[in-house]
Amino acid sequence: MGIGATHIDHIVISSNDSGTVAQAFADNLGIEIKRKMIRPGTSAQLAFAKLQEVVLEFAGPPQVKPGEEVKAKLWGMVLAVEDIDAAVAHLRELGYPVSDPRPAVQPGARIATVKDGTSGVPFAVIQYNAIPADGS
Amino acid sequence: MLTKIHHVGVVVRSADDALKFYRDALGLPVTADRVIEDQGVRGVLLEIGNSEIELLEPTREDTGVAKFLASRGEGMHHICFESDDVDAELEGARARGIELIDQKPRQGLAGMICFLHPKANHGVLVEFATPLKEGH
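Chain order of the listed sequences is C and X.
Residue numbers for the first sequence follow the working numbering, beginning at 1 and rising by one.
Residue numbers for the second sequence follow the working numbering, beginning at 137 and rising by one.
Rather than coming from a laboratory, the hints here were simulated on the basis of the structure.
Keep in mind that the hints are not guaranteed to be accurate.
Unchecked claim - Which bits of chain C does chain X cover? Going by a derived footprint, with three or more residues having C-beta under 8 Å, they are:
# : region
1 : 36 to 42
2 : 108 to 122
As the list claims (entries may be wrong) - List time: in silico BS3-like cross-link candidates among lysine-lysine, alpha-carbon distance up to 27 Å:
#  : chain 1 : residue 1 : chain 2 : residue 2
3  : X       : Lys240    : C       : Lys73
4  : X       : Lys140    : C       : Lys73
5  : C       : Lys73     : X       : Lys255
6  : C       : Lys34     : X       : Lys140
7  : C       : Lys71     : C       : Lys34
8  : X       : Lys203    : X       : Lys156
9  : C       : Lys65     : X       : Lys140
10 : X       : Lys240    : X       : Lys203
11 : C       : Lys34     : C       : Lys50
12 : X       : Lys140    : C       : Lys36
13 : X       : Lys203    : C       : Lys71
14 : X       : Lys255    : C       : Lys34
15 : C       : Lys50     : X       : Lys255
16 : C       : Lys36     : X       : Lys255
17 : C       : Lys50     : X       : Lys140
18 : C       : Lys65     : C       : Lys34
19 : X       : Lys203    : C       : Lys50
20 : X       : Lys269    : C       : Lys71
21 : X       : Lys240    : X       : Lys255
22 : C       : Lys73     : X       : Lys269
23 : X       : Lys156    : C       : Lys71
24 : X       : Lys203    : C       : Lys115
25 : C       : Lys36     : C       : Lys71
26 : C       : Lys115    : X       : Lys156
27 : X       : Lys203    : X       : Lys255
28 : X       : Lys156    : C       : Lys34
Even glycine gets a Cβ: it sits at the ideal position worked out from N, Cα and C.
With the hints as constraints, model all of the structure from the sequences given.
Okay, here's the thing in structure tokens:
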């Protein structure tokens, strides 16, 4: 019995300059940066790469401070699950504090955050196709 | 050529405690669990989709993992990209002037491995791995 996790959906790399860090990964590792966007609400600067099923999300602040040394770190991870309500219920039953599932940035997806007990890893679960296209 | 995310490494104080979440609560199967004496760590790999999560517990205090734990606490430590030719990846990185930790591949839990210096990617520790044909 588990949460029905299918794969690592994405790994978040946090920095003070997501564009520069993403470019370093592209130059050093040959990874293609496929998409850049500004996160609605927070205006965080995001860049994305994908290797098979796993997305690398490079996240940074809206504005880069000129002259500041660029620093990045592996921040957290999100696992894809088949049924987010069942996954959340399972984790809560075991005593883990988990947020209520909420709409994710990804269209049609819902995400919930595990707030403790993850060995220091900011951790979430996500279900795609969780919200019908009509929003009901 | 890097083909996928092989694993993400998570430094933990106690692998047994971390397994309560990653194995027991999430339901991820353990594919390897052994002490690597020369690295001073107990490494545990858990399968998730086409990738793995690697729990790293220091077994002595004079290692990089132990120093990471002492200075930063538990959390994500490195990201490992799979290649079918770790020697070629290492030589390619060297040719591009990327600072290396390992001057030649060595055997690790994930197979033949090598690490780039975190300076190369603004603080993110990157590993390359070519799994051994007989698996873990």
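(request) Please work out if C:Lys34 and C:Lys50 have their alpha carbons no farther apart than 27 Å. (result) holds, 8 Å
(message) Against the 27 Å threshold, does the CA-CA distance of X:Lys156 and C:Lys71 hold or violate the hint?
(response) Violated - the C-alpha atoms of C:Lys71 and X:Lys156 are around 32 Å apart, more than 27 Å.
(message) Check whether the Cα positions of C:Lys115 and X:Lys156 lie no farther apart than 27 Å.
(response) Holds. C:Lys115 to X:Lys156 sits at ~15 Å (cutoff 27 Å).
(request) Starting from X:Lys203, check that the Cα of X:Lys156 is at most 27 Å away, please. (result) Holds: X:Lys203 and X:Lys156 sit about 24 Å apart, inside 27 Å.
(request) Sort out whether C:Lys34 lies within 27 Å of C:Lys65, counting only the CA atoms. (result) With a Cα-Cα distance of about 24 Å, the restraint between C:Lys65 and C:Lys34 holds, given a limit of 27 Å.
(message) Can you confirm whether the C-alpha distance between X:Lys240 and C:Lys73 stays at or below 27 Å?
(response) holds, 25 Å
(message) Run the distance test for C:Lys50 versus X:Lys255: straight-line Cα separation, threshold 27 Å.
(response) holds, 22 Å
(message) So if I understand the rule, the pair passes when the alpha-carbon distance is 27 Å or less; does X:Lys203 with C:Lys50 pass?
(response) violated, 31 Å
(message) Next pair to validate is C:Lys73 with X:Lys255; report whether the Cα-Cα distance is within 27 Å.
(response) The hint holds at about 11 Å.
(message) Hinted pair, alpha-carbon criterion (27 Å max): X:Lys203, C:Lys115. Please report holds or violated.
(response) Holds, because 25 Å separates the two Cα atoms, which is no more than 27 Å.
(request) Take a quick look at whether X:Lys156 and C:Lys34 sit within 27 Å of each other, Cα to Cα. (result) violated, 36 Å
(request) Report holds or violated for chain X covering the region 36 to 42 of chain C, Cβ cut-off 8 Å, minimum 3 residues. (result) violated (count 0)
Of the numbered hints listed earlier, those contradicted by the structure are 1, 9, 19, 20, 22, 23, 28.
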